[in-house]
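Asker: Read off the chains here:
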Amino acid sequence: MLKATIDAEIFRESIDAIAALVTECRLHTAEDQIRTRSVDTANVAMVSLELQSTAFNSFSATVGELGLDIAKLKNIIGMMGKGDALTLTLLDEERKLELSFGGYRYSISLLDVNTIRKDPNPPGIDLPGKAVVPGDALNNAIKAAAVISDKIALGIDPDAMTFYMEAEGDTDHIKLALGEDELVALNPVQARSLFSIDYLKDMGRVMARADEVEVYLGIDHPVRFVFDIADGNGRVEYLLAPRIEAD
Amino acid sequence: MRCAECKGKGLCGLERCPIMSRFYAQLPVRQSDRYQGSAPSVFVGSYGYPKVAGGPLMIDDADHPPDWVARGLAIDDIVGLRARTIRGAGEAKGLAGSIQEIALSSLPLDVEVRFTKPVSFDLRFDGTIAPVGLTGAIRKMDVLGNARVDRAVDRATSDTDLSATDACEVLTASGTDVYRITQLLTAGLLGSEKKRHVVPTRWAITAVDDTVSKQLKKKIARYPALSGIEVFSASLYGNHIVCVLVPGDWKFEMIEIWGRQSLWGGGSETIAVDGEGLTKSGYSPLAGAYYSARLAVAEYLESVRRSARVLVLRNVTGEYWAPLGTWVVREATRNAMRGAKTPCADLRQAIDLASRLIGFNHWQPHSRLIPELTTQKTLFDF
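From first to last, the protein sequence lines are chains E and C.
With the UniProt record's numbering, the residue at position 47 of the first sequence is 47, and numbering never jumps.
With the UniProt record's numbering, the residue at position 142 of the second sequence is 142, and numbering never jumps.
Derived from the structure by calculation, the hints contain no laboratory data.
A few of these clues could be false.
As the list claims (entries may be wrong) - Cross-link-like lysine to aspartate or glutamate pairs, in silico, DMTMM-like; alpha carbons within 20 Å at most:
1) C:Lys280 <-> E:Asp157
2) C:Lys377 <-> E:Glu245
3) C:Lys214 <-> E:Glu237
4) C:Lys377 <-> E:Asp69
5) C:Lys218 <-> E:Asp157
6) C:Lys377 <-> E:Asp112
7) C:Lys214 <-> E:Glu24
8) E:Lys118 <-> C:Asp249
9) C:Lys280 <-> E:Asp150
10) C:Lys377 <-> E:Asp198
11) E:Lys82 <-> E:Glu65
12) C:Lys214 <-> E:Asp69
13) C:Lys377 <-> E:Asp126
14) E:Lys118 <-> C:Asp381
15) E:Lys72 <-> C:Asp166
16) C:Lys218 <-> E:Asp112
17) C:Lys218 <-> E:Glu24
18) E:Lys201 <-> C:Asp166
19) C:Lys280 <-> E:Asp220
20) C:Lys377 <-> E:Asp157
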């Protein structure tokens, strides 16, 4: 069972965060939150999202699982105006989700959860390096690197006390180092890994809206981005596998 | 812009493509201002769009490229056959009724046509469509006999609420091949009522390839990955196609190599690349060939219900002396996918095999897919 009302903007933010990686997902409902965890088809990137009941204007739910067609939801969200209140109602018997806002009442069919990939287990990895970066700085750096290359290195230099991003094209090179002044926080542990820009670009667009993004790094290990949505009542986590170039 | 990417569209700004003009030949024809006989298909030009000229193609042949391949026609035979073909031209709107009847029919219809003056020889080649030799402006045209219409075709074309995209899906599901769908689209028989238009044939060919393969792609994305790396290969009219299929989610890359002596090579070897993931933005620089090859591979993956990352190599040699149309790439790739597959233990072995089949390995640095395949880790590697 699910009956909840939420600000349309917060819902849009949440769906965008998921849509950056997947087109469908299993959404779990509980008494105090909704959450999802999905990997993209290539098993390269993972998104986890939690939205606490406090993010909603009103919220009542029981433990359950529903299959969302994210691509379809994104189109519907386009119809919502700023400041609209969105009411989500799960019509249990019909396997349909009703979205009502601004006089509209959409009823969308849910996907059969058995056709969607099971929730992945997050890999147990230790990422010692940590930097807290403003979201738009991160997104801008990704966009800048995308111009010259299809991959970008993220790293932490403990000697210079910087978090840096570096991209190498066929002929060009770009580097951005953020010192302590520009960072919110830094845990200076030597780290550097290489990532595919294709994935980062989609994530970057979402992260640009966050004031602070926690970036966890290791050496040739995945990167974990963690940031808040819905004024701290929700949390998104991205995990992205690196590219490793054998010399 | 290189010749290998433009393929005679005239993007260099010259009045007439210097490569295409090699094919403007003279051929003695019996001057005649009338034609009575079979008209297997319709053709609509893109010149002057949206005021296009179109009409029937007149020849005693089914105008169905897979038949040419099956009959074992050589490239000279096809050019000869097409040189005898008459392209009737008239204002597409005025002839719409008879054009549509021809496009609908699964068997060639007979027509009786009077031209304003005797037909003239003007052999034209184009990268996308098969060449046509004769043209004549139509003064009067009658279709003799009645169209034989397949049930699925009848249903899709009579439904004026069905969008052209959905119609492509319905028709493909019913087993209608892309050549027929292209005919329907070009004759303005598909689409919702207000959006039905006569479509230039060269656009319709690529549009149908693209639409059908896009729909297959969506289905393929949901299938489990292939069980191992497979390599396919085939050759048709100097087009050597090698396909490497690697287990994984859908990704596609095509590398076109125009050899030094080949049509668009322009004296030096030219290599062009394009690729995509689940979505593709913009028109491929490889033009129609890209979409034709993608269709053939997608058809295979759909038939085995597996998903894969695909690398298609097309090596064009001097043997391909006249551009016959993108159907060559479609049929060559289909032949490859129908042929025997060579399983490979790892990617390195598959790439080496592909290089051996093509005959050289300097295409490798052009690939963006291979570095991605070799360096990208998955989350479950940790």
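Asker: Among the hints numbered above, which are violated by the structure, and what are their numbers in rising order?
Answerer: Hints 1, 3, 4, 5, 6, 11, 18, 19, 20 contradicted; others consistent.
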